[in-house]
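Based on the sequences and whatever the hints tell you, model everything.
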Amino acid sequence: MTTTVKTPRPVVQADPEVRAIHRRMLRRQRLSRAMVHLIAILLSLWVLIPIWFTASMALTSPTTVRSYPKSVLPFIPFSTDTMEFFLKSRGILPGITNSVVVAVLTLALSTLIAAPAGYAISRYIFRGRDAFRLSILAVRAFPIVVLSIPLALIFIRLNIYDNVFSLAMMHTALALPTTILVLSSVFASIPYELEEAAQIFGCSPAQAFRRIVLPLVLPGIAASALFTFVLSWNDVFAASILAPLENRTLPVQILITLDESSEPYQFAGGFFMLIPALIFIFFIRRYLFNMWGQITK
Amino acid sequence: MAEIKIEHVTKRFGNFVAVDDVSLTVEDQEFTVLVGPSGCGKTTLLRAVAGLGMADEGRISIGGRDVTYLPPRERYISMVFQSYAIFPHMNVFDNIGFGLKVRKVEKLELERRVREAAELLHIEDFLDRYPKALSGGQRQRIAVARAIAMQSQVLLMDEPLSNLDALLRLEMRAELKRLLQEIGATTIYVTHDQVEALSMGDRIAVMRGGAILQYDEPSVVYDMPANQFIGSFIGNPPMNFLRAQVQREDGRVNVRIGSFTLTPSDGMLPVLKAYDGKPILLGIRAENTEILNHQAHDALEVKILVVEPLGSQNLLTAQIGEETIKVSTHPNLAVRLGEVVWLRFPTDKIRWVDRDSGQVLYP
Numbered sequence: 001m002t003t004t005v006k007t008p009r010p011v012v013q014a015d016p017e018v019r020a021i022h023r024r025m026l027r028r029q030r031l032s033r034a035m036v037h038l039i040a041i042l043l044s045l046w047v048l049i050p051i052w053f054t055a056s057m058a059l060t061s062p063t064t065v066r067s068y069p070k071s072v073l074p075f076i077p078f079s080t081d082t083m084e085f086f087l088k089s090r091g092i093l094p095g096i097t098n099s100v101v102v103a104v105l106t107l108a109l110s111t112l113i114a115a116p117a118g119y120a121i122s123r124y125i126f127r128g129r130d131a132f133r134l135s136i137l138a139v140r141a142f143p144i145v146v147l148s149i150p151l152a153l154i155f156i157r158l159n160i161y162d163n164v165f166s167l168a169m170m171h172t173a174l175a176l177p178t179t180i181l182v183l184s185s186v187f188a189s190i191p192y193e194l195e196e197a198a199q200i201f202g203c204s205p206a207q208a209f210r211r212i213v214l215p216l217v218l219p220g221i222a223a224s225a226l227f228t229f230v231l232s233w234n235d236v237f238a239a240s241i242l243a244p245l246e247n248r249t250l251p252v253q254i255l256i257t258l259d260e261s262s263e264p265y266q267f268a269g270g271f272f273m274l275i276p277a278l279i280f281i282f283f284i285r286r287y288l289f290n291m292w293g294q295i296t297k
Numbered sequence: 001m002a003e004i005k006i007e008h009v010t011k012r013f014g015n016f017v018a019v020d021d022v023s024l025t026v027e028d029q030e031f032t033v034l035v036g037p038s039g040c041g042k043t044t045l046l047r048a049v050a051g052l053g054m055a056d057e058g059r060i061s062i063g064g065r066d067v068t069y070l071p072p073r074e075r076y077i078s079m080v081f082q083s084y085a086i087f088p089h090m091n092v093f094d095n096i097g098f099g100l101k102v103r104k105v106e107k108l109e110l111e112r113r114v115r116e117a118a119e120l121l122h123i124e125d126f127l128d129r130y131p132k133a134l135s136g137g138q139r140q141r142i143a144v145a146r147a148i149a150m151q152s153q154v155l156l157m158d159e160p161l162s163n164l165d166a167l168l169r170l171e172m173r174a175e176l177k178r179l180l181q182e183i184g185a186t187t188i189y190v191t192h193d194q195v196e197a198l199s200m201g202d203r204i205a206v207m208r209g210g211a212i213l214q215y216d217e218p219s220v221v222y223d224m225p226a227n228q229f230i231g232s233f234i235g236n237p238p239m240n241f242l243r244a245q246v247q248r249e250d251g252r253v254n255v256r257i258g259s260f261t262l263t264p265s266d267g268m269l270p271v272l273k274a275y276d277g278k279p280i281l282l283g284i285r286a287e288n289t290e291i292l293n294h295q296a297h298d299a300l301e302v303k304i305l306v307v308e309p310l311g312s313q314n315l316l317t318a319q320i321g322e323e324t325i326k327v328s329t330h331p332n333l334a335v336r337l338g339e340v341v342w343l344r345f346p347t348d349k350i351r352w353v354d355r356d357s358g359q360v361l362y363p
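As you go down the protein sequences, you meet chains A and B in turn. Residues 1 to 297 in our numbering are what the first sequence spells out, letter by letter. Residues 1 to 363 in our numbering are what the second sequence spells out, letter by letter.
These are computed hints drawn from the structure, not numbers from a lab. Just so it is clear, the structure is predicted and the values come from calculations on it, not from any experiment. Positions of the beta carbon are idealized from the N, C-alpha and C atoms, including for glycine. Incorrect hints may have been included.
Partial list, derived from the structure: chain A residues whose beta carbon lies under 10 Å from chain B [unchecked claim]:
1) 21
2) 128
3) 196
4) 200
5) 211
Simulated restraints, written as ranges between beta carbons of each label pair [claimed, not checked]:
6) A:165 x B:63: 53 to 63 Å
7) A:188 x B:119: 29 to 39 Å
8) A:138 x B:83: 51 to 61 Å
9) A:277 x B:168: 42 to 52 Å
10) A:188 x B:361: 44 to 54 Å
11) A:205 x B:124: 25 to 35 Å
12) A:277 x B:124: 47 to 57 Å
13) A:28 x B:336: 54 to 64 Å
Structure, rendered in structure tokens:
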């Protein structure tokens with residue numbers, strides 16, 4: 001007893017109307033993707049064009065800078081004269097020194113404080129951990145002005161006003177929230193089981209940290225330290241309130257002399273301020289993404 | 001000599017009691033498996049032995065030495081972690097030799113022992129590679145090699161095979177068993193996989209709710225589970241449990257399942273007498289059931305609901321009144337859906353279970 005079962009033949013989608021719909025959908029998909037690219041390109045240009053212009057002006061001769069209409073590299077002659085002129089201006093070299101000292105101090109202080117704090121947040125569940133986390137961020141909620149002016153008064157009273165060390169402390173306070181959170185996410189990316197394994201195989205907790213955790217987090221710590229450096233290097237507000245006289249940092253020096261300075265000086269100053277940030281951010285971009293929650297492994 | 005002795009150990013997390021007054025002795029060179037559903041406290045107990053989570057109460061000793069509150073490094077044990085916990089910044093050689101290096105083993109000896117461990121696990125060709133470049137199975141081998149290179153007398157394993165795919169797990173299971181027999185370390189092995197427990201352990205301890213329910217050889221745990229939970233948890237398919245009623249007729253103790261009357265073995269009579277007129281559970285393994293195609297006075301009439309050909313056997317699901325029973329049969333046995341057959345339960349294979357407590361009754 002065999003019965004032949006009729007299976008329905010597969011429908012070939014030859015219907016011209018269906019094909020037209022498919023084509024339209026495909027086109028729309030391509031169009032929207034092109035739009036995303038276009039917007040991304042526009043946003044990048046928004047940032048890149050001023051940088052390009054500033055760089056062009058800084059890396060040409062002062063006469064070219066003063067001429068009109070202005071053009072950009074590579075259409076104008078390349079020269080280091082403008083930069084040399086800027087660096088030789090009064091107050092610039094001491095300003096650079098001060099900026100570097102403050103930034104290095106900030107980097108060291110904030111890493112020393114933030115690394116243990118970040119480790120504790122990532123490893124231990126303690127009473128009030130979430131409140132602690134929140135309060136770290138709350139520091140960030142105060143405008144720098146609100147913090148700086150009372151601090152200036154206190155510093156004057158304590159006789160540590162207009163001093164690179166006190167400015168470094170201020171920068172540390174400003175940098176800590178970010179640094180602590182970045183470092184806690186760096187530590188959190190190292191499984192605790194690795195430390196436990198090290199302890200099983202003969203390490204004390206401190207040895208386990210030094211042999212296993214430290215080598216693994218070192219790149220992350222370096223990244224956060226560079227970030228702190230840039231933060232301090234770029235700060236002009238706290239610096240101009242807390243150290244505006246004898247110990248001006250570079251941004252303060254540039255800002256104060258900006259009105260009476262020439263065009264080449266302004267462009268060169270702007271460009272010089274930009275360089276460390278550009279270089280460092282380039283090296284630590286992977287960790288910055290990490291900081292914003294996109295953990296890439 | 002490295003006997004592990006756990007005495008009245010309790011471990012709490014806040015109000016939750018993860019391990020509740022557990023006592024367990026693992027003889028020197030014995031391979032004990034802790035098995036149970038997730039959250040039963042098996043890993044917590046293992047970690048208490050390792051020193052990674054100290055016990056709140058009780059005493060743990062290794063080879064007669066009280067280690068209850070010693071830090072892990074002073075216990076001289078090895079461990080294989082579920083996630084392997086391979087150090088990503090060290091190559092395979094340094095990973096395997098890590099413990100030896102920390103213990104300041106002399107360099108030539110270290111190299112010899114690393115190579116030996118690597119050869120035992122067939123990873124001697126990868127010694128200069130980094131873990132990132134290796135597969136899950138190879139990483140697992142590094143973790144085991146690192147543990148055995150220590151030549152500790154005690155080896156702890158926390159679900160070492162659970163992250164491997166099914167085929168690899170089967171292969172590693174046999175290999176681990178051979179390896180552990182060879183090195184002769186006292187081993188505690190944690191798993192939630194009852195097949196792993198049955199196939200590997202010298203003795204297995206079934207845990208639930210922070211307590212050990214039964215600690216015995218695999219064959220005993222399988223054949224004579226201490227209670228209904230173990231019968232269901234150990235073995236695939238789980239043990240069948242049928243509702244029954246004890247009845248005394250003409251001085252004989254009988255058990256009724258629906259309209260069918262069964263005469264229990266003589267040994268059980270004194271125990272079952274106490275249940276006269278009361279409900280009871282009858283436990284029987286799928287493979288211990290005889291299937292007949294004709295009526296018999298000692299066979300129970302059932303209807304076939306499902307036939308599952310599994311290759312090596314046919315698993316039948318049959319209906320008895322309102323309950324179902326799983327029966328495994330020879331793959332060549334031809335039964336059809338809806339067919340009526342008769343089941344005979346060998347009386348010595350029947351386990352009687354107290355319905356209130358779930359405990360298996362012993363003669």
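- Task: Kindly confirm whether 53 to 63 Å is satisfied by the beta carbon distance between residue 165 (chain A) and residue 63 (chain B).
- Result: holds, 58 Å
### Query
Would you say the C-beta atoms of residue 205 (chain A) and residue 124 (chain B) sit inside 25 to 35 Å of each other?
holds, 33 Å
- Evaluation of the interface hint that places residue 211 (chain A) against chain B, nearest CB under 10 Å: holds, 8 Å
* Asked: Is 42 to 52 Å a correct range for the gap between the Cβ atoms of residue 277 (chain A) and residue 168 (chain B)?
  -> holds, 49 Å
A range of 54 to 64 Å was offered for this pair. Does it hold for the Cβ distance of residue 28 (chain A) and residue 336 (chain B)? holds, 57 Å
29 to 39 Å as the expected CB spacing between residue 119 (chain B) and residue 188 (chain A), which holds or is violated: holds, 37 Å
_Please check whether residue 188 (chain A) and residue 361 (chain B) have a Cβ separation lying inside 44 to 54 Å._
holds, 52 Å
inquiry  = Interface hint check: residue 200 (chain A), Cβ to nearest Cβ on chain B, cutoff 10 Å. Holds or violated?
reply    = holds, 5 Å
ask   = Holds or violated: 51 to 61 Å for the Cβ distance of residue 138 (chain A) and residue 83 (chain B)?
value = Taking Cβ atoms as reference, residue 138 (chain A) and residue 83 (chain B) lie about 36 Å apart, which means the hint is violated.
Notebook entry, point to check: If you take the shortest Cβ to Cβ gap from residue 128 (chain A) to chain B, is it below 10 Å?
Noted result: For residue 128 (chain A), the interface hint is violated, since the closest Cβ of chain B sits about 16 Å away, which is over 10 Å.
Interface hint status, residue 21 (chain A) versus chain B (Cβ within 10 Å)
violated, 43 Å
At the C-beta level, are residue 277 (chain A) and residue 124 (chain B) separated by a distance inside 47 to 57 Å?
holds, 50 Å
Hint compliance for this structure: hints 1, 2, 8 are not met, and every other hint is.
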